[in-house]
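Chains as they are written, first to last, in my numbering: chain R, 1 to 402; chain L, 1 to 417; chain D, 1 to 318.
Among the hints, erroneous ones may be present.
[As the list claims (entries may be wrong)] Computed spacing ranges between beta-carbons, pair by pair:
1) 343/R x 224/L: 37 to 43 Å
2) 401/L x 199/D: 31 to 37 Å
3) 152/D x 366/R: 31 to 37 Å
[Unchecked claim] Derived lysine-lysine pairs resembling PhoX-like cross-links, with alpha carbons at most 20 Å apart:
4) 122/R x 151/L
5) 74/L x 343/R
6) 247/L x 195/L
7) 74/L x 357/L
8) 320/L x 247/L
FYI, nobody ran anything at the bench for these hints, they're computed from the structure. Cβ atoms here follow ideal geometry from the backbone N, Cα and C, with glycine treated the same way.
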Amino acid sequence: MATEPATKGAAPAATPSATPAETPSATPAGTAPAPAGKKNLLGLIVLALAVIYPLAPFIDWGLAAIGAPAANLDRHLVSIFVFAMLALALNLQVGYAGLLQLGISAFFAIGVYTAAILTVAKYPFQLELWGALVAAPIAAAGAGLLLGAPTLRLRGDYLALVTLGFAEVMRVLLLNLESVTDGPRGLNPVPAPWLPSTVESLAGRAATTGHLHQLVIYYTALGCLVALVVVFRNIEKSRLGRAFVALREDELASACVGQNPSRIKLIAFAGGAAVAGLAGALYATNLTTTAEPNTYDFNYSVMVLCCVIIGGLGSVRGALLGAAVLVGFDNVASPMLTRWMQKSAGSDTGNVLLTFSNWRWIIFGTALVLMMRYRPRGLWPAERRREHDGDAQPARAQEGSA
Amino acid sequence: MARVGKRTLIYRWQRFAFACACLLVVGSCSSGDDGAPRTVAKIVSSLPRTGSANAQTTSIVNGIRMAIEEAGGKAGALAIAYEDWDDASARKGDWDPEVEAANAHRAVEDADVLAYIGTYNSGAAKISMPILNRASLAMISPANTYTGLTKPGLGEPGEPDMYRPTGAVNYFRVVPADDIQGRVGAEWMRDLGGKTVYVLDDRGLYGKGIADVFCAAAEAAGIRLLGREGMDPKAQEYRSLMAKIRKLDPDFVYFGGTTQSNAGQIAKDLVSSGLRARLMVPDGCFEEAFIEAAGHHVLEGRTFVTFGGVPADRLTGRGKTFVERYRAKYAADPEGYAVYGYVAARITIDAIARAGKHDRSAVRTALAATKELDGALGTWSFDEHGDTSLLTMSGNVVKNGKFEFYGLLGSAVAAKP
Amino acid sequence: MTVDLIFQQLLIGITNGMVFALIALGYSMVYGVLELINFAHGDLFMLASFFALTLLGALGASNASPGLLAVELVAVVGACALFGAAVNVGLERVVYRPLRNAPKLAPLVSAIGLSFIFQNLGLFWGALPMDVFGGGTKAAAPKAFPDLLPNYNLFGESSSFRLTPKDLVVIVSSLAVMAALYALVKHTKLGKAMRAVAHDPRAARLMGIDVERVIAATFAIGGALAGFGAVIYGLYINTVSYQIGYQNGLYAFTAAVLGGIGNIAGAVVGGLVIGIVRAFSDQLIGAQWQQAVLFTILIVILVFRPSGLLGAHAPEKV
């Protein structure tokens, strides 16, 4: 509990600065009496991050000025931000409330398609990203309640199966209801966000409209993520957060002390779904398409779950870290390794064993296994969970008898 | 108490910084290769290299490498650098929209890149086409056959203009699109004596697209459609579906799909469920792997495969040389799409050489003016939409465990639309 | 829908359901003792299928005389069961045992990781020139599994109802294995110990049961069932590919939970329900809706029976 006041102080400190998620730590660190060298180094890192995140989209300009190839940092970061939002959503359900959810892709897909239906030229709504950002979470939350309400009684793995099944049903519906979703063709193009014409013309001088829209998407995603981090960190320390933990640790006891487990579960269901829907709206806008419904399959849900657990179940930072590691592997590290291997080996033999792509799953799978072997609580677990380790064990053993 | 609190805080904080640093490293590591002088013409391909399409894409990449090697690694005065990019992600095991978008952006931002060979999946092309179009970067697909990518009026309303924000055509494909294949398939079926057909598809962009075209063409050709449904390509077997079809007793079953979407299993279950129907499949199954998957005894005498172009062993002139050289180099027969990868790379190199300078628009213009005389695919050029003028379709059957050329299909009809 | 068609679909459903049940038993038993959803189990099934394919190729089974073939098939079934058991026990020892005291979801992630590793190994295996039935080097493409069981219609080829010796072999051998398993769990000392561990690991330990050994034995049995199922299913559908673990695993997991996870009879019932629902949904609604129908029915069942079809209602813990 010693950490609590510090974080409480930190969270509001972030709001005025309105910069990235990491600033919360910047303020208290400056005042904390720590070994001087370390303090300075850390201060520098955080300062650097606080500068780099808002400036990420402009790094390429700088690189171009000195003739270096573009880093595309902002585009990769948008992917990471979206995945991180999904991880936060799942963390709310699995990490805080202890509801094993294997169908987060369903709510993500609902967000993606709601956003697309509200914006594409095929439909008369034309609400643009700003409308979609409001509507997608509402639609997803509605679906969350729809699924959550009848399944309140289900426990553990039975709930896991129902959510998994819901996601499969959703995928098949999206694939087959062609008149609405265009089936495998997907809905596209999802238009770039609308901006007042003055902004467009002002910025038009500095950059092409394509760049401008990319900037808008980047900052919208960053803003949403920062806002979510702040909200979730506050939830962790709030009454609701403790209610979640109580529910997770012992549903009966939490009911005995006057909590309403059904209400709390529904909040987790709807809240997580809403956040996933929000991520979906950003994903569709960033990609300019819904892609095909098979994108949102069981594998996708499993990957989000992996990312939450790798990072550390029940902690905001864990979810963020997990998203960075996972998306980083696929979108950034893999292409780099591929190019590196091609350069050094010149794998022109067609031999299966000499191509990086063919080792990808082994590397990925081994990494998952090793991470769990040596950091079973995640790379960066939540403190609260750790304090209760001692108690968690017998509880687990008892559950086994069910 | 306070001391402990602060120390914990620093600890936490440190790790927070570490995580942020990770995020950043991950982001910034994405930077491309070291800057090089503009004497390098970089060609990249973006194909799904992880997962089930691997066999076909390996064959395509081999074809590309061969073309570059034959050109001596040079296009005019420029040295060619080739990179083989993967548009699949491990977490998806198939092409991933995000990775495809990232590849397209990376190609745009890398000033060395003059041409983008890809994609394998038509769905992926829908994502990268507009991105590359804005940068006037030429995109040559060796495998996309979805009609809406190039042909106005044959896809969704708004296609293909929605993929061309600048209005200019930068997307070319060296394979004939589905509209032709579906039509000649139906005509072939009629000529084979088919009166009734049951149509299945794999619910993918390619499979469903070609099955749609086929259905329309079959009705026009006077073949009665007994039913139409999609199947799950990840299912293990289709016996209950086949039991249902058996009751309807069609002359033919048409499957719009690929070897990867389980065409082999469809063929096996069709036979083992005791249907008398014959099976027709499109070019997505025109690969040795299909015969391996189904077992040749299952396919022999009852399987008909349409293919855009002439099969490798029927190629003459340069096409024949290509097949021989491919066999010598890779100790394997080229898959159906290998020759398209080869041709895509060849015409790209040729266009860069004709453009004569390191300029994307010039390369695109040169590419649009491509006229291959007696190339590996014969003599052809691109039309105003970026489609190949090559409309030759061949029909193939399975004999003695191998594909055997049956005859040219609909070439006379298709040549004069 | 005519009567013969009803029986036909029922037969197809039961045959497939048997195989789902065989895999589901592995899930369910492991869950019973460890509370671990072993997501790698479907992919173990896939590896065992490749193992069977390789063995049959090495034995030249497709050219063997019927008598020799029977002997070879029995040997291959035995070898694959051993293979499955050995791999599963090895995994338990190396991957899961060190996580005994970890949070509940940690082994789940390890299992997912293993599933990726297995699929990659399957790809490599598929890339080997196996010199089997024409051989092949296309890593990802499905491979033909030899069609060794007679596949003629017992009612004559013109009959509208189709029952082949192949169907009978799948059903009868699966039933035999399940009966053996039931006997083992109900009547042997090991079975009793397994039930004890599933019921309460701590109490079991206090009663002198070597819990680790029982867990290892459970993994061995689950792996052997998957290995057995792999041969039988290979002979039935005649296909092996690195992807066959995905949907079989998904359905088997579904079957295990639907029946009441940890419950052995439940896993069998769950497998049959899934097989039959699949078949009739294909017949009546259309193959493209198969999974939607299946999972909708499943959700409805679980809403009304929150602990599965045969699962005992878990008492609230106080």
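Against the structure, the hints come out as follows:
The given range of 37 to 43 Å is broken by residue 343/R and residue 224/L, whose C-beta atoms sit roughly 57 Å from each other. Against the hinted window of 31 to 37 Å, the Cβ-Cβ separation of residue 401/L and residue 199/D comes to about 56 Å, which falls outside the hint. Residue 152/D and residue 366/R have their C-beta atoms about 47 Å apart, which leaves the hinted 31 to 37 Å range violated. Straight-line distance between C-alpha atoms of residue 122/R and residue 151/L comes to about 19 Å, which keeps the hinted pair within the 20 Å bound.
A C-alpha spacing of about 18 Å is found between residue 74/L and residue 343/R, which places the hinted pair at or below 20 Å, so the restraint holds. With a CA separation close to 16 Å, the supplied pair residue 247/L and residue 195/L stays within the 20 Å bound. About 13 Å separates the Cα atoms of residue 74/L and residue 357/L, which keeps this hinted pair within 20 Å; it holds. Under the criterion of a C-alpha separation no larger than 20 Å, the hint pairing residue 320/L with residue 247/L is inconsistent with the structure, at around 45 Å.
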